[in-house]
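Listed here are the chains, written in short residue letters.
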Amino acid sequence: MLLPEVGYARPSTVDEAVHVLASHDGARPLAGGQTILNVMKSRAAAPDVLVDLQDLDELRGIELAADGTLVLGAMATYSEVIASAEARARPILGEVCAQIADVQVRNRGTVGGNICSNDPTNHLPPLLVALGTTMTIASSAGERTVPAEEFFVGVYATAAGPGELLTKISIPAGKGDGFAAVTIGKDGTCIVSAAASLDGDAPRVVVGCVHGVPVLVRPDGADEEAVRRAVRGANLEPPSDVHASADYRRHLAEVVAARAVQRARTRRS
Amino acid sequence: MAATAPVGGKTVTVRVNGTTYEREVEARRLLIHFLRDDLDLTGSHVGCDTGNCGACSVLYDGTLVKSCMLLAVQADGASIETVEGLAEGDELNDLQQAFGAHHALQCGYCTPGMLMSATALLREKPHPTEDEIRKGIQGNICRCTGYVNIVEAIKSVGA
Amino acid sequence: MKVEGEREFTAPRETVWEVLNDPTRLAKTMPGVESFDVADDRHWRANLKVPLGPGGLKMSVDFEKTEERALEFAKLHAKGNGVGAIMNMDTAFHLSDAGSGTHMRWEADVHILGPIASMGQRVLQPIVNQQVSNVLAALDEQVQEASAEDGGS
Amino acid sequence: MTETTVAPPKPVVVEEGKPQKGWAGQNVPRKEDKRLLQGEGVFFDDIKRHEMGYVHFVRSPYAHARIKSVDVSKALELDGVYGTLTGDEVAILTDPFFELSVKPGADMKDYALAVGKVRFVGEPVAAVVAATRDLARDAAQLVEVDYEPLQPLVDARVAQSGGAPVLHEEAGSNVVWDGTFDWGDWEAAAAEADHVVKIKELHFDRFSSTPLECSGCLVEYNRGTGQWTMYCNHQMPGVGAIWMAPAMRVGIDKLRFVTQDIGGGFGNKICLHPYFVACCLLARKLNRAVQWTEWRTDQHTANAHGNERWFQDIEVAVKADGTLLGFKVKALDDCGAFPRYEPLGCIIWAQVTPGCYRWRHIRVGFTQVVTNKSPVSPNRGYSRMQHLWLTERIIDVVAHELGLDPVQVRKKNYVKHEEFPYETPNGCVYDSGDYARCLDIALDLVDYKKIEEKRVDAEARGKLFGIGIGSTLDSGTNNFGQSMILNPELQFSGNNEVATVKLDIFGEIVVTLGTVPQGQSHETTSAQVVSDILGCSPADVTVRAGHDTYWNSHAGFSGTYASQFAVTGLGAVKGATDMLAGEMKQLAAVVLGCAPDDIELADGTARMKANPEAALPFMALGAILNANNAGLPEDLNITLNCRYVYRPPFEKPDLERKYGNLTLTYATQIHACVVEVDPDTGVYEIVDYAAVDDCGKRIHPQIVEGQVHGATAQAIGAATHETFPYDEDGNLLTPNFYDYHVPHALDMPPMKTGYIESESPFTSLGAKGMGEGGGAGIHAVCAALQDALSSRGRPIVTDSCNPYHRVWSLLQDPAASRAGVEVVSR
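Chains as they are written, first to last, in the numbering used here: chain A, 183 to 451; chain B, 7 to 165; chain C, 22 to 174; chain D, 7 to 832.
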């Protein structure tokens with residue numbers, strides 16, 4: 183409601199988009215808008231220019247490569263992921279997307295927006311780190327790729343810097359994934375979340391909502407005690423807020439991490 | 007690349023319930039304010055300022071969205087359906103009638119958004135289960151009914 | 022919100038003290054400084070645009086040095102005014118020798134008011150922690166730079 | 007996800023009142039629905055005026071601060087800004103609002119905008135009017151306010167301590183009101199008791215029903231007549247005008263309130279007068295229509311919350327067999343920064359002093375204090391809900407500590423069916439009911455006989471299982487004389503409501519109400535009552551939507567509040583319609599040449615009973631009196647436009663003993679709730695739920711059911727997630743629906759409903775007011791959680807709101823909650 187004044191650009195190619203982003207200090211991409219417009223309503227922060235990505239068909243697709251890598255365009259919406267036959271190659275994706283907010287938000291909100299906003303309560307940052315995802319970032323200098331664990335650099339901050347645009351999310355093949363969260367009400371905002379992947383050597387377990395960025399832990403086994411021990415060993419210093427104290431979050435981190443791994447094991451078997 | 011130079015506002019052409027409107031809007035104007043204040047289509051409501059309540063839900067090119075989380079400039083060229091477009095003339099459609107018959111509304115403030123969510127759901131799933139109904143209206147807050155009769159009304163249409 | 026910590030610098034206490042008391046150097050440790058004015062040796066004002074994902078948070082911050090004991094202790098009060106947020110911060114630094122270097126113990130009591138305080142409780146703490154670690158890293162850099170200059174002079 | 011099942015499509019019908027012929031009692035289609043279903047309702051924000059200005063309030067970021075200066079010059083420089091208003095102007099143009107309390111509360115000064123000080127985050131300090139909403143907000147950001155921060159007071163428990171900051175220096179104290187209520191003989195009860203159960207402290211959380219439509223108004227000022235018209239959603243305009251007119255130094259007829267559709271109120275739209283006065287001043291100052299729309303964050307931070315209350319040093323006298331003799335308690339009510347509707351909450355609870363129980367010895371020391379938080383307003387279940395939560399907590403703690411069955415303790419101590427009308431220890435008269443019967447129905451609905459099997463099953467799945475009961479009363483139709491118990495100087499007592507029913511020139515029946523509905527279906531139920539009397543169909547009856555002061559169909563207490571429409575509103579409708587029916591018969595008798603008693607009203611006609619062929623359609627009657635009246639007898643003194651004021655039969659209370667009948671009717675709600683708790687996380691789910699209601703004769707069962715559903719959902723929300731906590735600086739931590747989680751469709755448990763109809767002997771229709779409910783869901787959830795956690799160190803549920811983190815704390819440290827509980831046995 184009642185946003186601050188803002189400039190608006192609607193490029194039709196990624197090149198144009200990164201050009202506008204680079205040439206205006208304070209320009210931000212507008213993907214699904216389900217976070218940034220809310221922030222603007224509160225006038226807590228104000229970008230100078232919104233760069234509307236809706237015409238960038240290059241960012242839309244969901245494709246399954248021959249090697250099993252799933253490539254999501256940054257503008258793929260949650261609903262598109264849920265409905266996509268290709269995305270079922272990694273079924274956890276659709277399952278987690280179906281838990282995000284509500285139909286309206288899932289219809290507009292995008293995978294790229296979810297991870298670029300990197301609100302600690304978002305579902306996808308921990309999930310994508312667990313899945314060993316690689317992000318492709320475009321700028322006027324060309325493209326670069328960043329592994330998910332390096333992509334998230336702080337609350338609301340990612341490796342996609344000024345003048346850069348996340349274009350693709352590449353998820354390697356795999357099926358042994360799990361996700362668990364304690365949320366405010368059913369399918370509500372996460373209080374603590376955890377994603378786990380058992381593909382590869384040791385389990386990759388990632389805890390959300392406990393730090394500015396998702397926290398990756400590598401337990402030495404997939405049994406509950408090993409997972410809980412690893413999470414304990416991460417010495418988390420989670421924030422306290424109205425929904426959970428730091429202690430409670432620390433405790434939940436262990437519980438949901440163990441549950442995420444358990445679900446991953448069930449799926450794999 | 008002058009075409010992509012940022013602008014503070016622009017003229018948009020939007021089709022709402024079959025009627026085409028052309029208006030000059032500021033870039034910062036949300037679609038809900040555009041509908042309510044510029045087009046005087048006051049059926050869609052505002053119940054929050056964080057995108058949680060769903061009172062402003064409309065169909066946007068056939069897809070259910072919250073019109074408070076979309077800029078009017080983004081909607082340039084789009085086709086929108088709102089509660090005002092549901093009835094055939096003065097004849098309430100089946101869903102509207104079911105809401106009445108089941109007492110699925112009290113104050114009526116959430117009703118327009120709720121009807122649009124139910125409309126989207128029934129188009130996608132003509133015979134939804136109760137869980138699907140609840141999931142379909144999860145983004146719409148009602149403070150009067152506890153959702154009991156809303157669920158019943160939608161169920162009766164999909165039966 | 023109270024945050025505190027300790028840090029070691031390789032430079033001697035004089036150098037660290039000098040950096041902590043040099044507004045122009047301090048300015049370089051703050052996030053998104055757009056301009057910086059020094060009124061006198063106890064009062065400064067910084068105009069910041071704190072970089073936050075969805076757009077910058079603009080804030081003008083008035084600093085006042087409220088207490089000091091040379092080479093040992095300094096206390097600053099900062100009052101920031103921005104759209105959607107007011108910040109009040111009291112921060113204190115205690116310096117002591119640590120071999121040839123310096124040990125710094127610091128604490129800050131940060132109060133944030135306004136819509137941001139209510140809206141962003143779940144993110145404020147991580148953001149503050151993040152900004153603090155940025156400031157400390159920058160401080161380290163300034164100390165390095167100052168000691169290089171001292172060494173060179 | 008678990009499969010959710012719903013209540014049986016029809017409620018379990020157990021006992022119905024006397025069958026009655028006619029429209030009342032039937033589920034006729036709602037008159038309100040068609041417009042609302044088409045988006046054609048008119049809510050205040052839908053109304054526009056030529057060249058109107060939009061108001062945006064500049065709000066305090068501080069919970070407590072002195073205002074050193076307010077500078078609006080930069081805002082005024084902005085293109086499109088029409089003007090501003092500051093606290094300094096308000097202090098000159100208006101007087102402080104009238105306060106209801108005796109000293110010290112009486113000395114607290116409350117204005118439309120902050121004057122000199124701010125006392126809560128979000129308090130309006132200045133207002134800006136501009137050509138668009140956006141611009142008004144832009145300009146508001148340019149208003150420069152210099153504050154000198156003061157220490158905030160956010161915990162009512164320290165409000166009276168030495169170091170506490172004083173919010174209102176004029177009052178010299180943070181206490182609004184305090185007093186002791188002492189009925190029966192507590193000392194004797196304690197001496198007679200086998201056990202005295204002591205509970206150190208219980209806390210009823212702040213929350214509000216958060217109507218989906220926020221508050222607001224469009225105000226026009228008529229320079230020629232000096233009158234203001236407010237198109238708004240004020241739910242109690244009569245009382246609003248009583249506050250506003252003297253403060254604005256104008257006659258009460260200068261203030262015209264107009265409402266049509268209101269998006270929920272639940273008591274949160276009663277205390278809008280500060281905002282409305284600011285808007286009225288701006289409309290006059292700028293000679294322009296101005297419109298103010300409150301946004302969600304504004305509503306949460308700075309409109310109205312429900313009363314927060316602490317109960318301390320509770321002692322309960324119990325016999326060995328579980329008979330409850332009485333209790334004593336110190337109640338400490340936190341009303342936020344300004345009293346406004348308070349201290350009425352300091353007496354309203356006394357309508358339900360003993361709850362549903364027969365104990366006779368009750369002592370309550372009641373203190374209300376101000377804190378640096380949002381002011382409060384009479385939120386659904388107002389003040390009684392807090393007190394009923396106490397009585398229900400007492401029952402469950404006593405049962406828990408003495409090893410008694412909560413069901414049996416309730417049944418043993420409930421007021422018995424045969425004891426009605428039952429006079430409470432403080433002189434209130436419970437009109438009718440059968441609590442034990444309602445409890446049995448509720449228990450049947452949750453299959454209580456198999457509850458132990460279910461517990462075993464849940465435990466096998468690793469869940470903690472609990473069942474809880476909430477027994478409440480929804481007292482309706484206030485005797486405002488109770489305010490005199492707080493302040494003998496107040497000139498308020500009794501109650502009233504108005505309706506006007508006319509037969510118009512074309513035979514149209516038009517009903518004008520004094521009430522201000524916000525979803526309670528007044529148009530529909532009024533039409534049912536009218537059509538039964540006039541012998542027509544509800545479809546033939548036009549009930550005007552909303553409220554308009556200039557319809558002159560209201561009285562001092564008009565409004566929609568306190569569960570009273572079925573009594574006061576419909577009582578007025580019935581009275582007015584009876585008058586009209588009499589006049590129609592008189593007129594028909596003149597025309598048809600017979601006596602009025604020979605006439606009956608049926609099938610839309612007035613006809614001779616003996617000769618139904620001799621009939622005058624309503625249209626003829628309307629036309630004759632209104633437009634073709636030559637030759638009518640001189641002594642035929644009728645208007646066919648009948649205004650009736652319903653006045654319930656109340657006496658002034660005995661102020662000395664704080665004794666008297668404070669309310670007319672008592673609807674019953676007995677709820678049962680079944681929960682399963684995940685012991686690893688504290689997350690819980692309500693897996694079964696039953697609500698049984700008894701509101702006497704039900705005029706429109708479906709509407710009654712709807713109210714039960716809604717009240718239950720709100721109570722479940724309040725019990726699980728809905729709370730307004732503040733940090734130490736006085737920031738509200740749940741200022742919008744992002745952090746303030748209200749139940750969504752997926753969160754609501756399956757809800758089963760049942761009812762009985764114990765008709766009220768005191769009302770014309772046998773109906774009782776209902777709708778607020780007594781918060782039974784809160785009590786039931788708290789009890790169910792306590793039951794579920796019992797096997798884990800027997801913690802006591804001490805808070806009304808129990809989000810997961812609180813449940814986890816109880817699991818982690820049950821001893822902490824038990825430390826405040828003690829049983830002293832003889």
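Treat the hints as calculated values from the structure; they're not laboratory data. Built from N, CA and C at the ideal position, the CB exists for glycine as well. Careful: at least some of the hints might be erroneous.
Unchecked claim - Short derived list, chain A residues pointing at chain B, Cβ under 7 angstroms:
(1) LEU185
(2) GLU187
(3) TYR190
(4) THR195
(5) VAL196
(6) VAL202
(7) ALA204
(8) ASP207
(9) GLY208
(10) GLY215
(11) LYS223
(12) ARG242
(13) GLY276
(14) GLU277
(15) GLN286
Evaluated hints:
With a cut of 7 angstroms, the hint placing LEU185 of chain A at the interface with chain B holds, because the nearest CB-to-CB distance is about 4 angstroms. With 7 angstroms as the threshold, the beta carbon of GLU187 of chain A comes within range of chain B, its nearest partner Cβ sitting at about 6 angstroms, so the hint holds. Residue-level restraint check for TYR190 of chain A holds (minimum Cβ-Cβ distance to chain B is 4 angstroms; threshold 7 angstroms). Interface restraint check for THR195 of chain A: the shortest CB-CB distance to chain B comes to about 9 angstroms, outside 7 angstroms, so the restraint is violated.
Hint on VAL196 of chain A is violated. Least Cβ distance to chain B is approximately 12 angstroms, over the 7 angstroms limit. Taken as an interface hint, VAL202 of chain A checks out: its beta carbon lies about 5 angstroms from the nearest beta carbon of chain B, inside 7 angstroms. Because the smallest distance between the Cβ of ALA204 of chain A and any Cβ of chain B comes to about 11 angstroms, over 7 angstroms, the interface hint for this residue is violated. Annotation: ASP207 of chain A was flagged as interfacial toward chain B, and the flag is violated, the nearest CB pair being 12 angstroms apart, outside 7 angstroms.
At its closest, the beta carbon of GLY208 of chain A sits 10 angstroms from a beta carbon of chain B; the interface hint therefore is violated under the 7 angstroms criterion. Hint status for GLY215 of chain A: holds, given a least beta-carbon distance of 6 angstroms to chain B, under 7 angstroms. Interface restraint check: LYS223 of chain A against chain B, minimum CB-CB distance 5 angstroms, threshold 7 angstroms, status holds. Interface restraint check: ARG242 of chain A against chain B, minimum CB-CB distance 14 angstroms, threshold 7 angstroms, status violated.
Hint status for GLY276 of chain A relative to chain B: violated, with the closest Cβ pair at about 14 angstroms, above 7 angstroms. With a least beta-carbon distance of about 13 angstroms to chain B, the hint placing GLU277 of chain A at the interface is violated under the 7 angstroms criterion. The beta carbon of GLN286 of chain A comes within 5 angstroms of a beta carbon in chain B, closer than 7 angstroms, and the hint placing it at the interface holds.
Against the hints set out earlier in the document, violations occur for numbers 4, 5, 7, 8, 9, 12, 13, 14.
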